[in-house]
Amino acid sequence: MNKEISFKTGLSDKKKLHIYAELSMLLSSGIDIKSALEILSDSFKSKKDKQLLNTITGNVVAGKTVSDALKETEKFSDYEFYSIKIGEESGNLVTVLNDLTAYYKTRIEQKRKLISAFSYPFIVLITAIVTVTFMLRFIVPMFEDVFKRFGGELPPLTAMIISISETVGKYGYWVFIFGIFLTIIFYIYRKREIMRKNTSKIILSLPLIGNLVKMAYLARFCNAMALLIEAKNPLLQALELAKKMSNFYPLEKALDKIEENVLHGMNLHKSMQQFSLFDSKMISLIKVGEEVNKLDIIFKQLNKQYSEEVEHKSQVLGTILEPVLIIFIGIFVAIILIAMYLPLFQLSSGI
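First residue of the sequence shown: 1, per the numbering used here; consecutive thereafter.
Hints in this document: simulated from the structure, not taken from any laboratory. Source: prediction; values computed, not measured. Among these hints, one or two may not hold up.
Said to hold, decoys possible - Derived BS3-like pairs (lysine-lysine); straight-line CA-CA distance at most 25 Å:
| no. | residue 1 | residue 2 |
| --- | --- | --- |
| 1 | Lys-48 | Lys-105 |
| 2 | Lys-148 | Lys-201 |
| 3 | Lys-34 | Lys-45 |
| 4 | Lys-75 | Lys-50 |
| 5 | Lys-14 | Lys-270 |
| 6 | Lys-300 | Lys-113 |
| 7 | Lys-170 | Lys-197 |
| 8 | Lys-313 | Lys-270 |
| 9 | Lys-287 | Lys-191 |
| 10 | Lys-34 | Lys-50 |
| 11 | Lys-111 | Lys-270 |
| 12 | Lys-191 | Lys-85 |
| 13 | Lys-75 | Lys-191 |
| 14 | Lys-85 | Lys-113 |
Just need the whole structure built from these sequences, with the hints factored in.
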């Protein structure tokens, strides 16, 4: 099998959803492909997007197929190219466009659910860090000056908080600069294999979050496999394309080995058993799918199940994290306030 399949993409999932949904609707209405592409081009506001659609339209008018016209732009994945090509050859282009619409709609919904689950807790966490840092950097030193005037020995808790405050004041800016530096380094090298490997390892090891992320990528994988197999792609090609669509290091490495095993005659479910990434339920259902030659239906069902689990666990996780983070903020702030007022209580009781 050709290992040089490209997977360049330059359009957002939202734009691709718009393209496939509009094309499907226009072609279903009996409009020819040239007119449909022209109407689609007019629906975009960006000059860059209009130019892209005009280029595709020009290539189609020149006699090229839609799949070839899309591929030449290097803005669409091989999955899209092969699916549309098969749709053109079989006369089921509208069906394929509907499948692509469903695929990108699912991807966008999953992203939104994950972002929704983590956005509020993330904001609360950042607020907590800023609040505690502000108190340690500016509020605690004000109390420290007061304590120095009165003299005497400070309670252990107060002394500890003042020590932390002095450390934050002395090294806080350097820690902030170092954090920015690490963020830049991560962004630059984020696509390097060692960085992707270690990042995914850390994410998967996180309680609750790791399992949620894994299920989200498994749902995406099952969705891709269902559409690829339904579009009559051979299993090996479906695995290759699904691997390039996954964008998740552990899944990519597993599919590398699975593809090799299937190429040498091993059943798909047996090959998947070698990896803990795939649960027993998934493997059992895929085994049944292979036996009855209904892998596309099995992958559709798995995608539905994983997507529902992701939605449910995202809501549960968000519900759990919000109060937990708020409680922790309250505890930290309370500890700082108690530490600052303890010497005042001692002073008043000694009078």
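Which of the stated hints cannot be reconciled with the structure, identified by number in ascending sequence?
Hints 2, 5, 7, 8, 9, 11, 12 and 14 not satisfied by this model.
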